[in-house]
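Could you put the whole structure together from the sequences, leaning on the hints where they help?
2 protein chains.
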Amino acid sequence: MAAVNKFYIPELAVVGVGLIGGSLALALKAVGAVGRVVGIGRGRANLETALELGIVDTISTELGAASNSDVVFLATPVLSLGEVAAGLAPHLKSGAILTDGGSVKAEVVHAVEPHLPAHVHFVPGHPIAGTEKSGAEAAFASLYQGRRCILTPTDETDPAALELVRRMWQVAGSEVVLMDIEKHDRILAAISHLPHMVAYSLVNAVGSYDRYEENILDYSAGGFRDFTRIASSDPSMWRDIALGNREALLEMMELFEKFFAELKEDVRSGDGRKLHDFFLCSKKSRDAIL
Amino acid sequence: MAAVNKFYIPELAVVGVGLIGGSLALALKAVGAVGRVVGIGRGRANLETALELGIVDTISTELGAASNSDVVFLATPVLSLGEVAAGLAPHLKSGAILTDGGSVKAEVVHAVEPHLPAHVHFVPGHPIAGTEKSGAEAAFASLYQGRRCILTPTDETDPAALELVRRMWQVAGSEVVLMDIEKHDRILAAISHLPHMVAYSLVNAVGSYDRYEENILDYSAGGFRDFTRIASSDPSMWRDIALGNREALLEMMELFEKFFAELKEDVRSGDGRKLHDFFLCSKKSRDAIL
Chain A
1 MAAVNKFYIP ELAVVGVGLI GGSLALALKA VGAVGRVVGI GRGRANLETA
51 LELGIVDTIS TELGAASNSD VVFLATPVLS LGEVAAGLAP HLKSGAILTD
101 GGSVKAEVVH AVEPHLPAHV HFVPGHPIAG TEKSGAEAAF ASLYQGRRCI
151 LTPTDETDPA ALELVRRMWQ VAGSEVVLMD IEKHDRILAA ISHLPHMVAY
201 SLVNAVGSYD RYEENILDYS AGGFRDFTRI ASSDPSMWRD IALGNREALL
251 EMMELFEKFF AELKEDVRSG DGRKLHDFFL CSKKSRDAIL
Chain B
1001 MAAVNKFYIP ELAVVGVGLI GGSLALALKA VGAVGRVVGI GRGRANLETA
1051 LELGIVDTIS TELGAASNSD VVFLATPVLS LGEVAAGLAP HLKSGAILTD
1101 GGSVKAEVVH AVEPHLPAHV HFVPGHPIAG TEKSGAEAAF ASLYQGRRCI
1151 LTPTDETDPA ALELVRRMWQ VAGSEVVLMD IEKHDRILAA ISHLPHMVAY
1201 SLVNAVGSYD RYEENILDYS AGGFRDFTRI ASSDPSMWRD IALGNREALL
1251 EMMELFEKFF AELKEDVRSG DGRKLHDFFL CSKKSRDAIL
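Chain order of the listed sequences is A and B. Read in order, the letters of the first sequence are residues 1 to 290 in our numbering. Read in order, the letters of the second sequence are residues 1001 to 1290 in our numbering.
There's no promise every hint is true.
Unchecked claim - Using 27 Å as the maximum straight-line C-alpha spacing, the simulated DSS-like pairs for lysine-lysine come out as follows: (1) K183(A) with K283(A); (2) K1274(B) with K133(A); (3) K264(A) with K1183(B).
No wet-lab data here; the hints were simulated from the structure.
Dropping the structure here:
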């Protein structure tokens, strides 16, 4: 009986075989949930790495290589997704399901949906997982284990396609959450996009400190290294995210600035009680998500 | 021959047996470099934990318990060190060496030195190590392995005492660096104190975001958790550090604000090239300290 319900995608195409796309392919392969995986990308060297690592079964630099795929997963930087969808659209077979892993959703839906013919179903998605590494060699099968994956269906989303993509992410190990697009973009601005802006700014500020003729980053201990790990993330990917989720990100950057300015004022005025309360409030919130 | 040079402290007192103080005791014990360790503190429960864990050999809530100690290590919050030194001074034996692990040095030296009689030698120090945990149960013998320990001798520092403290930290596993006090405080403001202010502010800003009736911190993935780990650090300790290194910290907070404002402006204006360059510059600095 279990066999009747076994989830299986005969052919999956992954456009952009990096950490996100490659790990989905590996996760589905690990449980026998996919037949053939077609890896598509612009960089041949990365595709060949993906092939050697067994992440994909066949590779191509042409979007037409997805013409027989049942599911196509877009995992290129978010601002490229409209162009990729436009290039894919004429090749996709009837009933094909297109889904993506982009970290912003309003911009992606806006850019992708207009290009798709009625016989192709689009399900916008975002697995909340990642590391600061990129490229096919960074992919691993357990990346999505225990992670949330947010799907943001629109009025246009086909219910059966949504259900299939939901099951695909569950099979890959994720807990799937359905969410309104705007809510997704605002929550991600807060818990992911803002922290990256903060980390990038912090490393640049400290790295620019030139009072002494040496690189003071050499003095950094484990705390600084852990804290700034995300500042090693891919610049192109984050340029696209910052541009693609501009409004929500600016709102969060301003909220952060307000708190930081309040703290600075407490330091300046030497208000020990307020400083303690500020740190304690933060510690309590942080400890609650351990 | 090696035995002739074996480093050995007959009796060490540790005032404040938490992560920093307890780990030094454990590190020295692990290599047989200390005879008896006297644990001194205000909280009896923590002292009893330290005793049970074998971190110290005897405990007391009285500073007079250090009267026979050769080396006294102060590991209480930085703004308490002046008061602790004043309380210790009348009890210390002639030739006793007092050293500390405070994260700021100008304030500590200013607060401690006036209390000490001529027959007690003070060596200001700061091991660059730690975790977000605190208390005796957080201590471990390898905390200082491979870490830097900065000593900031003043004009008053006795050379023989400095040499002994230097060897003590080397024996505990650290690479010892001598540094001017002001330089220490400015570098630490940059690589440690500023990041903590940023992390505390970030968690408070995100935790305060109340557009949705749920705690959006629940959506945070590994990146956010790693990035904000230091926001779990002890509020009293960080209140003291912020107050004790105010001038240098304010300078760094302003430098950070300048970079963050620049980034915000690039997001607002949608300048993809500038965003990419900003992120790439940060990534290069960060990757260089991996």
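(request) Would you pick out the hints that fail for this structure and give their numbers low to high? (result) none
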